Each structure stands twice: as C-alpha cells, then as structure tokens.
Amino acid sequence: MKLYEFEGKKIFSDFKIPVPRGGLASSVEEACLKALEVGFPCVVKAQVLVGGRGKAGGIRVAKSIDDVKAAASKMFSEGVKGVPVRKVLVEEAVNIVKEYYVSITVDRSVKSYVYLASLEGGVDIEEIAATKPEAIIRVYVDPLIGLRDFHVRRIVDALGFKGDLAKQFDGIVRALYDIMIRYDADLVEINPLALTDKGLLALDSKLTIDDNSLYRHPEFSETLKSDTRDLSPEEVLARDYGFSYVKLDGDIGIIGNGAGLTMASLDLIAHFGGKPANFLDIGGGARAERVKAALKLLLMDERVKAVFINVYGGITRCDEVARGIVEALSEFEVKKPISVRLVGNREEEGGRILKEAGISYFTNDEDAAKHAVKIAYGGV
Amino acid sequence: MKLYEFEGKKIFSDFKIPVPRGGLASSVEEACLKALEVGFPCVVKAQVLVGGRGKAGGIRVAKSIDDVKAAASKMFSEGVKGVPVRKVLVEEAVNIVKEYYVSITVDRSVKSYVYLASLEGGVDIEEIAATKPEAIIRVYVDPLIGLRDFHVRRIVDALGFKGDLAKQFDGIVRALYDIMIRYDADLVEINPLALTDKGLLALDSKLTIDDNSLYRHPEFSETLKSDTRDLSPEEVLARDYGFSYVKLDGDIGIIGNGAGLTMASLDLIAHFGGKPANFLDIGGGARAERVKAALKLLLMDERVKAVFINVYGGITRCDEVARGIVEALSEFEVKKPISVRLVGNREEEGGRILKEAGISYFTNDEDAAKHAVKIAYGGV
Amino acid sequence: MPIIVDRNTVLLVQGITGREGSYHTEVMLKYGTRIEAGTSPGKGGMNVSGVPVYNTVKEAIDKHPNINTSIVFVPAPFACDAVYEAIDAGIKRIVVITEGIPLHDELKLISYAKLKGVIIVGPNCPGVISPGERVKVGIMPERSFKPGYIGIVSRSGTLTYEISEALSLAGFGQSTVVGIGGDPITGLDFIDVVEMFFNDVDTRGVVVVGEIGGDAEERLASYIKSVGLRKPIIAFIAGKTAPPGKRMGHAGAIISMGMGSAESKIKAFESVGIPVASTPMQIVELARLKFRWGV
Amino acid sequence: MPIIVDRNTVLLVQGITGREGSYHTEVMLKYGTRIEAGTSPGKGGMNVSGVPVYNTVKEAIDKHPNINTSIVFVPAPFACDAVYEAIDAGIKRIVVITEGIPLHDELKLISYAKLKGVIIVGPNCPGVISPGERVKVGIMPERSFKPGYIGIVSRSGTLTYEISEALSLAGFGQSTVVGIGGDPITGLDFIDVVEMFFNDVDTRGVVVVGEIGGDAEERLASYIKSVGLRKPIIAFIAGKTAPPGKRMGHAGAIISMGMGSAESKIKAFESVGIPVASTPMQIVELARLKFRWGV
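Quick note, the sequences are listed as chains A, B, C and D, same order. Position 249 (the first sequence) corresponds to 249 in the numbering used here; numbering is contiguous. Whatever position you read off the second sequence (first residue = 1), add 380 for the numbering used here. Whatever position you read off the third sequence (first residue = 1), add 760 for the numbering used here. Whatever position you read off the fourth sequence (first residue = 1), add 1055 for the numbering used here.
To be clear, the hints were calculated from the coordinates, so they are not data collected in a lab. Check each hint, because a few of them may be wrong.
Restraint ranges, calculated between C-beta atoms of paired labels, are given here [said to hold, decoys possible]:
{"hint": "1", "chain 1": "B", "residue 1": "VAL616", "chain 2": "C", "residue 2": "LYS874", "range": "38 to 44 Å"}
{"hint": "2", "chain 1": "C", "residue 1": "GLY805", "chain 2": "A", "residue 2": "THR228", "range": "44 to 50 Å"}
{"hint": "3", "chain 1": "B", "residue 1": "PHE712", "chain 2": "D", "residue 2": "ARG1285", "range": "42 to 48 Å"}
{"hint": "4", "chain 1": "A", "residue 1": "ASP14", "chain 2": "B", "residue 2": "ASP558", "range": "20 to 26 Å"}
None of the values given here were measured: they were computed from a predicted structure. Even glycine gets a Cβ: it sits at the ideal position worked out from N, Cα and C.
Please construct the entire structure, taking both the sequences and the accompanying hints into account.
Below is the structure:
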C-alpha cells in the first residue's frame, strides 16, 4: 500500500523529521486559505500516487493567491497523468541550497535492510544510480541486530555532514528505521532531502506499507476500506476480491491461477500477436464465486474484445472454475467470446460442466491462446 | 542489585502479575493501620534482602491487631538474621491450594535466557532441584529471537494449566520476560506462585538487576544513592569506592587486585592456618587514593588483627599502591600490623617508597601470606 | 538420492488440523510420504488421517525422534512462530507453504535460519517432491510428476505443475522438483538449489522456471559464470509482456540496477549457455535438444 | 603456530584515542604486535603512536584490507556497538577488554558472534599473548611471559600474570596465554581454548586457571572425559575459601545443580586426570611433574 505524500509527511513529523510548513486542501477555496496561512511564495502539490507527478504539472509554485487558484483549479479539474486529484498540499516554498537522497528499504538478494543515500538527490536519482553507481552509498543493516550507532555514523560520514547538520541528519537516519519498523514499511524514502536556510527539510515523502502486514495495522486497513486510493473501479473490485489485478493497454482480457501462470498467459497472447488488456490472478483454490467475479470484472471492461481463461488445477478445482464461468456468462448481459484452457484437478467434471453449457475448451494452452487471439480479432 | 520484595511486587503489579493486597509500613503503628485496611488474617513480612527470612521469623501470620503489633515490634526491634528491619509489608493472608515455582534468568553455560518452572514450588524448591531434577522444566529462549508464543505454550503446557488459569499463567510468563528485558534483570523469580481461590497470586518476588546496567536505569541508581540496602557501613564505603567487598567471619583483612588473585590470597591465608576477615578487590589500575581507602576500610574493622595486601602490578602500578599504603598508615590513628606482597609494574619504585616509610614487603606471595598469619596470631 | 526430501524424510506437519493442513496430510500420506506427527496448539491428543497431533513441536519430537523435516500450513500471523519452534526443536529442513507472511518477520526469520544452518523452502511455495522415491512435502498435484533425471526449480506454483507435466508426458521425469516460493524473501534461492542439483548424482539436467522481478535469475547466471555449467540447464521466464509490478519508489530501481526485466534475465541466462524457451511448451523441445541421455 | 594470535595477526584498535586504548597501543607496538589502524568516532585523521585513526571500522578496513583481528577498548555503553561494527566489517577475531558491559547486551552479542563464526575473547579479559611470535593483543604485562610450549587459559587477570611468571621463571614458557574473561557470559569458553591447544602442534601441555562460580570447569572435565586427555593438563582453582558470591535466588542454585564450588571443580578435574595445585606457586611443581619434555 502506497501512502500519499501528505500521509507520509504526517508520519515524518511524528518521528521528528522536519518537513515544510503546509496544509491539506480538498477544494480550490481551501487551497487559497491554506496559502494565506503559509504565505508566499508557496507550492501547490497534487496528492496522487503515480510517479513523475512534477513533470506532469502536479507541482506548481505560486507567488500570489491567483497563482494558487489557477494551479489548484487545473489540478482538481484535469487530474494528473489521468488520475483524478482529490487533495492538494499547499506548502511554503523554501530556498534549496542542495538536494540529498536518503531511503531505507529491503534488499531481497542480500536479505537485509539497506540504506541508500546520495549527495545528489532530486528527480534524476535513478539516472545517477545508472550512470554513477559509486555516487550512491549503501549501508546494510542485519535484521538480527537492527540499526546500531555505527550504521548511522557510516551514513552521516559518507554524506560529509558536520556539526549541527550531522546531528540533524543523524536523527533523520534513525527516524527512517523507526518508521520502517513501526509501520511495517517496505520503503521509506526522502527525495529530495533539501538543505535550506532552515536546515534539512524532507520536501517529499515516499512510503510503502507491506501489504502482508496490513492485518496488524488498523490505521491503514481502516483507511483502505473507505478510500479508493486512486484505483479505477475495476481495481477497487479486484482489491475487494483479493485478486492480483493490473490494467494494461491491450484488448484481450486474461484470467489465470497463480502469478507465474498468469504472466505466462500474457506472454502467450503476445506471442501469438494479441494484446493483453490486463493481468488477473485469481490465486490458488478459487471457488466458483471468485471465478464468476473475475470473469464479470473483465466483461465489464469496455476495451476487452475477448477473454482468455488459463487454469491449471492444482489446489484449484476445474469443476469450480467451470461452474464460475457458466454462471458469469449466463448472468451477465454483456456477451463476449471466451477461450478456456482447463486441465488438472477434476478436469473431467469441469469439462462436462462446460460442454453442457455449450462452451468448448482446450487442454493445450498454446491452442487456447491462439484461439483467444483469433476470436478477439478475426471473429469465430 | 537485589530488590526488596515490595519493590519487586510493585513491578509485578505494573506488569499485571497478580499479587496479594497489602501495604508497606515503616513503624509498628503504620503496620497496624495497614492491617486494618487489609483485614484479618494478614501476614507481616520483614523487608530484608537476606535469604531464609521465613524460617528466621521474618514472616508472621497475624489474626488480630495485637498479633500485628507483636510481630512488627519484634521485627523492627530485633531485625532478621542480624539485618535491621526498616520496613514491613502487611498483606492479606490467602488460601493456598497449591504452590508453583516459576522464574526467568540467564544460563551462562548455554548463553541463553532460561525459564525454570515447577509444579512443586515453595521453600523446598532447591531440594527438589537436587533430588528430583525432572520435576523442574527448563525452557530456553534464544536472545536473538526473544520470547515467542511457542515458548510460552511449552511452559503453560508443562505445568498442566487449562482454561482461565492457563490464560492467567500465560500472561504471567510473558510478564516475566518483559520485566527481565525492561529492567535489565538477571533474575525474576516468583516462589511461590500460589493457586488460591482468587486464581494465581505471586506470594513473593525475587528480582536482581544486572549491576552493569544500572547506568541506564536511573530508577535504581537514584535509589542506591540514598539507600544503604541492608549494607553494613563497611559495605557502603566499599560500594562508594566501587570495590568488590564481602565480609567474612575471620580476622585477617585481605586486599588484592583482581578477583582471581584476591580469591587466591584468601585461599593462601587459609592454607597457612589463618582466617580471612573479608574479600576486597581494589580492581585494576587503582591509584594511591583508592589503595588508601581500601586499607582504611580494613583498619576500621575491629575484628581485623592484621592485613595482608597482595598486589601483582599489571595495569596497577606498584608505586601507587605503596604510596596509598604509606598514606593510610600515617593518617589513620588505629595501628595494625600489615604484610605486603608487591611485584610487577614499577616494583622497584614501590619498594623504595615502602622502605623509606619503614615498611618491609615480600615479592613471594606464600612468604607474605605466612607472615600475615604470623603477625596476626603470633605477634612479630 | 534426490535433494532435500527423499526416502529418509520423516515429516512433521505444523498446522495439521487446519483445512489445508489436514487435506494435504492425507494427500501426502497417500502419495507415500512418511508423516509421523502433526502439531496444532490446543489440539494435542487428536489425530488426522491416523497421524497423532501434539500441542508443541518439542512434544512431537520427544515422541518421534526420527522426525527430520517439517511442513508448515500455519496461518500467516503465526507462521514465523511455527518455524522458529521447529528450528528451536532442532529440525533442519522446513517447507513453508503459508502465504502472506509479513516481510519484516520473513526477513528476520530467514536470516536466523541461515545462520543456524537450517534449510527453509518458501515461504509461499508449493513445496518439494521427489517422484522416484514417492516423497512429497508440499501441495503440488501428483499427476504432473514422474520419476526421472531432471531437477526443476521454480519461483511459481501452477506454472511449475504445467511445465513439469509437459516434461513428464514427453518422457522427462524428475529427480526432485523444488518450488522456492514467490515472496520477495525466500529461504532457498535458485543458486542454492542448482548447486544441490549439480552435486546430486541422480540429476542429469536442470530446468529453471523464473519470472520477472528481483535478480535471482541474474545472480544464478553469475554463479554459473563462476562455477561453470556443470550440468545442462534450460529455462523459462514468465512475464515478458507483464507490467514491471509494484515499483518500490526510486530505491527499488537503484537496488535492481536495471535487473528484473525479462530481457535482462534472458540475456543473463543466454550469456552463460542456458537457453530460454519462448513458451512453456517449448521447454519440451529444449529438453529434447539439451538433455541427450535419451528418453 | 600458536593459537588465536600469531605473526599473521594484523590488528585494529577500537577506541584507540582513549586513555587505555592509546596507552596499550604503544605497549603492544613495542612488544611487536602489528597494528595497522585504530578507530574512534569523530577522531578520524588523528594518529596514535603513528597508527592512523578512522571514524568507522569500514573505513579502516577499506584502507587496510589486511586487518584480521580487533581489540576493543571502547567504554561499556558503546562496546557492543563496536563489536557489532567489527563483525559487520568481516573481522573474525575480536578481543574485548572492556569491563562492565550489560549482561543482556553481552548475551545477544555473543550468541550472534557465535552464529557468524566470529571468535570473541572476553569481554572483561586481559587478552591473548603468544610470546614466541612476540604478538600481544591485550593488556597483560610483558614481564610475565616467555616463549615456550605451555598453553595457559584463565578466567582471571592478575592471577594469570602471577602464574605465568612463576612458570616462566621455572623455565616453562608459553605458546599462547588466553584470558577468556571474568563475565558470566564469555565468547570463548575453557573447552574452546583447550580444544585449540590440543590441535596446536606448538603446545605440549595446558594450564587451566579457574575459579569458583559457573560450571566452565565442570564442563571442561566432561569434555575431557569424552575426547580424552590428549595433552597433559594441570590446574589451579581460586576461591576455595571465598564466599559463594552473588546468589541468584533459587534459580542460580537450580541451574548450577551443585556445581560452582571449588570442591566440585577440583573433584571434576581430578576425576579426568587433571591435578589441581593448592597454591598458585604449587603450579610450578605440578608442571615439573606433568610436563616431562624437560626444561
């Protein structure tokens, strides 16, 4: 679960990481009021989870109330990168002397926490990582012993902070770890961490919470219940069913069981010249109810010309899958061609159910994928 | 640092370990008032750190206010096992159905935390340990992973608790660990843990804090500053100087540097027929000031007939030791014969200082020990 | 002898009374796995398909000292505790089926297990099967597997069954099939398992089923570069057209340094002589080409 | 070759700018120890007796990659951090002089070091000296030690110097002398060190200097019972007339099961053929009796 900038900054503040003064606004009027409190110049920042917000016009400096009005109006009415804007953050503009980068995350290969820090922060950090990897220092923290003074010392030393700034940065480094642990985050990132005439300030926040930990974080799971978090209606539906769902820009809907098999299904469609409209993994052991919901979700999607269902019955039972397909097709008004591939556990029973409903199916996945492409573009 | 029963029980209460109702009293009158609050029968318990308090009359059941008066008067006036009683705890008497034993400590051989628990608690637990070791279960807790549900389950299971009692005991087991960690304890012991008509109750508390951790526990180190903790005046003096000092029942005072060498010095005195009056280790690198204080401490002790000083100068400098001896002997009015053994770092300089002050010394420790015994009992 | 599980495997099932645990206990028993005990706190004294249930692992091990392997079906919030309990009781091979274990818990657990010399397969994995010895410690469907000389290691579940079945039908049976699990942090990595296959006399060729994300495939390629291709390996990588998945801010990109894409993985494999199939079924053709011991 | 420290030892001094650290750096250098770097947070750039000082161990190791051993003089509240830092930087032998480290910190540190395969000598110990190679990683006075064939292992400081000097004067020089430290939890135990001496060709006999408390001596006796007295051992136990020391409630007594007294230790040693001297000086007589390679 990704947190919005304002949510992350609230947590930063709680852990004594300094952030610019500012206020949250849900309307143009409110944005203007916050700007008057903050003073000019100020910055209006669209609260969206999508990356590259700045370059897409989601961050604007305002020198007057009119500037604020113009910026906020545009954001609220047009959205950013196709995502509607529901809130903007109005913050004081600060004089930036220098921008740093610092984050903590998990390095899955090393199986360790890792701090990343660089003297060269800002929007181009990824490019710096690619072209000058030595400009980014890494300090690993063994999860068995946790953060220790020497780790902090190494990071502070590497960025060359001295005196009061060293002290302030020391506190920020420790706070990142505390936040990581306290909130079961998989990433806590400050980019840029700006050196200003007021000392160090976190100008942006990026915080991702480990989804597997949400059960023990009611502060987030409650939010999720009432908040769509920039998700499309299909994504909200998928989330409610616990499907792993990602929208793509093609036109053949895809359902698989298991992430690997679903990805392979996308690849097969592409291999035979089709364009996947989505990734949808119904997971292991799905019952008819879930299969039906998944299929309806794709039938709802206007872009989808045909659906490819690829199921290998391991824990999942083919009869349940067949039943779900039949129910979805008979209940839902929108009719679209589907290509089903079904093998494994209770395969015969599943096949019988499909046949009785007049739905043909394949046992070979390549044949099924080819058929899906054919019915999507060539008609049957 | 050992805690008094009432101090331990306060911590137990804070961590939701149930203890009997009761109150602390510093005088006979106060004890009577507390007894009236608690009701009868009640128990009057002398707050002393010495073991075997119960058998020595330090715990008395009172059925009336007169009983309380009698018990408290006796404790305050006579002390327990030679230790003055400054406070008594007056507690409700409870109906004991059964007594259990449970504790957590550090097993230095295994290098692990260990829970000890037994169905057979009470005063004879050590005898049970010696004669029926299988009656005491041990559950080790790896310090790298800390207490986990399965450890608790094993202990609860082993004592056979079911239902509500299992739940209550589960909480007690977890609280012991939390107390151990929170207070840097090296022992947290409940003996007996009584099953009563009100459920489980900790009837006694034994808590020892790791002395090396006191610097980060102001709650205890502040107490130590103003409280003599049942120590004799010599022990208080030794504590203030940071000496490792233990009073014994002999008559030859002993000073050494290093615990091993000091113990070996005691053994030598005993080997040659003398009786050590104490163990006093001045530690490594002691300056003249400390040596002087240590020697004065023994000269003060009326039982001491002679003093044996055994120093091997490693970090410690012999000249400092010699200077300390000379100053102590010249400044202090009480004169007692001493036998000095001095070798090692700056031995010649040290020897010169002693000779100039007319003090002879040895380089062989056996000779010096023999001499000490001789001057103590035979005169020179 | 196959790897990780074999005829000497004596299994404990943790979480044996749950829906998954009890179902798969029966299935594993039928397949041939020797299961001596199960655990489920508070359910001690019961039995599941004839297997006795205990409250704690310690009790189970005391009564069944031959147990040397455990499989964990315990729900995510309690799964790490179960694994620690197994480690504490001295079990050296633990297969964790449970999915959804919090990342931080997983991280600490896997670090600890590694230092203790304990093999963890998973979490969030289908388990391990050695068809020649009829030992299955996992949840995979029996039909996909046949005895043979191929070692298969995979990050996925159903895709593994799919590929294994295709290979089985084509006559390429398996020595052992290992699903290392799909979580960001897993006990065994591709390198660990491939090394085991290299050292296993009953394995003559290896199939690696990878997917986008992380750098497990790239690291395997580096490993092969340093030790050599001691046995023929063929591979499939899922996700060529899939989205790059959850992006972890800039940090993810910095750590992965451009690794993680299907192209990066395919390039890494091909550079060390591991051909990569373009569809799951094409694995069979590659097997015919590379595994020359005949069928 | 002696044990733990030898002519290949390249030393880092942690806490080199403190009173103890700077003094003993000079003394160790004079003795012959090869010290390449020291650390002291915030003091990077200084030098102590010509040894360069760095802020972090990482920096020191980057500049002096031959460093393979560390000695820690850092004050108790920061000592564990220093040891973790050394372990993190890959140093495999660490001598901890610092006294007064909190028990719980020590417990976790030692458990971790053990799993990581790192040798910790101490804490609260005089260190290690191998007189034949003129390498000293510790604070013991040079005068007590002479090159020779005896390995000495001890829980105490001054008493060790005393006994070593007596042996040296009698012609029994030492291969290595190890002070394992006086804290309840130590990195190396008697068993670890005696095993090293058994495997060291330059050590022909072993002297164990024990004391009351704990069961390190009894466990050594059990170890000898199982592996045999592979080299002659003689011992001294301090504390025959000393008080039993701080009693840890009943728990201490239950854990020690009657072990810990001088009688228990002497009996344990004698039962496996290790004679125990009644005074420190008597060790010399036992040496003459047991160490027959002649002087």
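**Asked** Failing hints, ascending?
**Response** 1, 3
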